[in-house]
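Reconstruct the complex from the two isolated chains, following the hints.
Heads up: the sequence lines are chains E and A, in that order.
The first sequence runs contiguously to residue 263 in our numbering.
The second sequence runs contiguously to residue 299 in our numbering.
Errors might be hidden in some of the hints.
Label-pair distances were calculated between CB atoms; the ranges are [said to hold, decoys possible]:
1) E/E179 with A/R249: 46 to 54 angstroms
2) E/A59 with A/E250: 37 to 45 angstroms
3) E/P63 with A/A206: 40 to 48 angstroms
4) E/R86 with A/F198: 34 to 42 angstroms
5) E/R86 with A/R98: 25 to 33 angstroms
6) A/P166 with E/E179: 55 to 63 angstroms
7) A/V165 with E/E135: 50 to 58 angstroms
8) A/P166 with E/A59: 48 to 56 angstroms
In short, the hints are calculated from the structure, not lab data.
C-beta atoms are modelled at their ideal positions from N, C-alpha and C, and glycine is treated no differently.
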Amino acid sequence: MRPDPFPDHGARQAAFAAALLDAGAPVPDGLLAPGGGPVGRRFAVHRATTTLGSIAALATRHPVLERLLGSETFADLARAFLRTNRPRTALLLDWGGGLPDFVATHPDLADWPWLADVARLEVAWNEAHHAAEAEPIELAELVAADPERVARSRLVLHPSLRLLASPWPVAGIWAANGEIEAVEARAEHMVVVRPHADVLVHPTDTAGFAFATALSAGGTILAAASAAAAIDPDFDTGAHLVGLVRLGAVVALEPVEEKDADA
Amino acid sequence: MPDVRPPAKSRPVPALPAACGVGFKPQHFEAILADAAGVAFFEVHAENYFGAGGPPHRRLTALRERFPLSIHGVGLSIGGAGPLDRDHLVRLAALVARYEPEAVSEHLAWSSHGGFGFPDLLPLPLTEETLGRVVEHVDETQAVLGREILLENPSTYFRFAESTVPEVEFLAEVARRTGCGLLLDVANVDVSATNHGFDPRAYLAAFPIERVSEIHLAGRFETVDDAGLPFFVDSHDGPVADPVWTLYRETIARIGPVPTLIERDDAIPAWEVLAAEAGRAEAVLATARARRGGERDAA
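The following block holds chain A by itself, in its conformation from the complex (with noise of 0.2 angstroms):
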């Protein structure tokens, strides 16, 4: 690949470790400082510490001193039409600077336009036109981050009919300009898949795995929509469904272990919960670790 760009300023940072994480919710801080045995780092939304101070600094502070960390953005609008929001960049910049942490991503997605903000991750259409935007804005969050981040697939409820590129082509561009990384939500995968009627395997055999340094697993809310077809929703707030697992372990068993993450941020169960389904990925992971190492010995 000649023309990788590296970002601006960019320093050598620590990867996550290739083990399984947890989104952090305060509601768990006591229990984790207690016992997060075979967790192995947190990961929280960069907007919920865009305050200057306060107990929630003074509590990712006290998770940052014992656990890698991940910074993933929920509002930063890389997929909007409209200019980055600087205010929200430099914002993002100095929480970064502040934490060092060791990943820091952003979605395929928009969340704001003509002075109006949504608290949501928008879908937008997949075309060459887009593609130059979304690359302009990574470039330009890169450079003023001095890192590189990572853009994770979204969860689509339906297409566009401009749509021009496929969407894992679109992602493998980004990355192969802006140098950037990708994060791989597997259940986003699978909601998607279900949704527009494709294969999530043959996405996932097509996506740009050198470029994967984080996995996502999340819960989904399944229905149907208006013609009686499934529609799941991408609603993080449950447990990681059997074919999410089924998808994942396949993925491991052919890329190797990734740092991956359960993503809870609704109906948030106890501590213990969530831990129990970490450790479940954990175990999908060790099986990897173990086979990449008899390979090692073997060599």
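Okay, chain E solo, but in the shape it has when bound (with noise of 0.2 angstroms):
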């Protein structure tokens, strides 16, 4: 009787997960043909589809990276990434936030500095698009509200709320969806949220962008407001809360007793 090559079960997985990592390996042995024949082209069914269902997993979240690069130069990026940055289970919805780093640091990307930051708002309108689900608070709420008290208080912002700052003009570049001329550097800074069914790319200013900054790391709108004031002096904070209200990116507003009103 022929030995068992595989005696444990283990192993065995271990050996077929090393072949398909490592598309130069031979095929793992005791694989079994009709007739005892090569089975290199159906192992190599196993091999394609991890390697394309990753491939189309981040394709699936960065559509306008893919038709900036190509599909073919895409999939040569992605496969690059992939040799790095393996997916550490089957479920990829967590998988490959890393690319828009590994777009940064890719020698042959160099000319194109900006393609990073649009890789990073396509990770940003992805966490938007799936976020858990609140109900933004009404105009109305905010404007009944005592102005002492609303100063005072902290914002529960929307768990989908991403934000996002370049030198370069992402926003553009991504709403153009891979039409585009030459780039020029100009900064730009942007609230991505999902109040309900869409998510909303919100270009705003450097010190709206501090403000936003600062309300969604906990601070009240009063030191939120100072956050802003330091770069423009002329900050409106009404304005800038109104607009984060109207764009459906609060889902409360949370008092601060007065003795935690700084922390």
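Here it is as structure tokens:
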């Protein structure tokens, strides 16, 4: 009787997995086709499926990056990313967030320094797309509240809210969906949020971005306004607050007691 | 069967209708709400709904309000050598609790090992050792979900030299020891039969039909292997092949109507194309229902 080459399931699976991870590795021993023929093409289907499935997951998240690079270049980039960033589980929803950093440091993409931030915007968009639901407050609720009390409040921001800053006009590049000409450096600040069904990418200015950043870090409106005023002495707190509420980015006002207000 | 264990905390769950359903794709959402005549239920891949909220869940909620639902896992790795990923299982349980689907199914396959995940349904050797492990994993899954799952027969491209248990016996034994149901993928049977050179009718005749509460049908890619032998890939990217329709008709004629799903996961056509394919399965099921009704009337 022939000795069992893999008495242990774990050892068999480890060898199988290793052969999937290394395209140059030989096919694992002990795989049989009818008549004892070679199984190379048969095993290759699993190699292709695992690789193409991972690339497809990245392409789904990065449609604009794919369009900007062209699908072949995007697939090459995804393959290179995959070599050092393998999925840890079969659940690809949680995987691939490192692609923008990979793009940023990829030598072949150095002539397009804004690409990484386009990819970051796509990651933010995707996170907002899948984030939990929450009902934004109406403007009336803000208007009805005592202004002193509002100033001392923190805001519970929508769970889908993401803040993104770039030295490049990435929102425009992203919105143009690959139809771009020369790109000139121009800083852009964005609030990404999905108050209802659709993800919104909302441009803001440097001070407005500082305001939203301070609020999302848990600061009171008063504290956030002073962070914004440090950048723009004419910062209009009321207008920016109304803007965030109108955008649907605010889920609740959370009044803070006097003694905690500076916390 | 004396030692069938019911799953822990089991509670009655309404069954899928013995009619035809279609795998749900978001691009068909509007068309489905406008006209899904003749389509009796929808199935989704569990992992596509592991996010917290947003449009995927809004669509699924709307769909679930209108149709019976099947949640089909493609990444739990029930056939894995290592322990089940508890995070994955807990997220699956949360999804099942949220939507209370009529059916929950998974595969006799693995998709992660040693800290690496593979977006594929990978084959396992069929031995007493792997049988014991799959039984543990199905038991654990049913305990965490609090309900029965269906386990799907795989499509495979090669055999393992160390396999000692025929696939049908393996599935029957898992069902017997865990109390789980089976999902019979007729297209997978034909893919595996071609790839290994066995008779699909013999496989179907031996399959523990009394455990089957859903059938899958899908398209495959037909090619040849290194030696020029016919080799089918379970690609889900085209219409169900004619030989699979024949096997399906024969199976339904023998066992009666069973909830049947048309799967299409790549090269997704217009909704009307899938609805028409579902209509073809529905006609087979309607014939079986009528005959069953006739038998009842005669009795």
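Do the hints match the structure? See the list:
1. E/E179 with A/R249: 46 to 54 angstroms: holds, 51 angstroms
2. E/A59 with A/E250: 37 to 45 angstroms: Between E/A59 and A/E250, where Cβ atoms are some 40 angstroms apart, the hint holds.
3. E/P63 with A/A206: 40 to 48 angstroms: Check passed, 47 angstroms falls within 40 to 48 angstroms.
4. E/R86 with A/F198: 34 to 42 angstroms: holds, 35 angstroms
5. E/R86 with A/R98: 25 to 33 angstroms: holds, 30 angstroms
6. A/P166 with E/E179: 55 to 63 angstroms: holds, 57 angstroms
7. A/V165 with E/E135: 50 to 58 angstroms: holds, 54 angstroms
8. A/P166 with E/A59: 48 to 56 angstroms: Violated, since A/P166 and E/A59 (Cβ atoms, about 40 angstroms apart) do not stay within the stated range.
The structure shown violates just one earlier hint, number 8.
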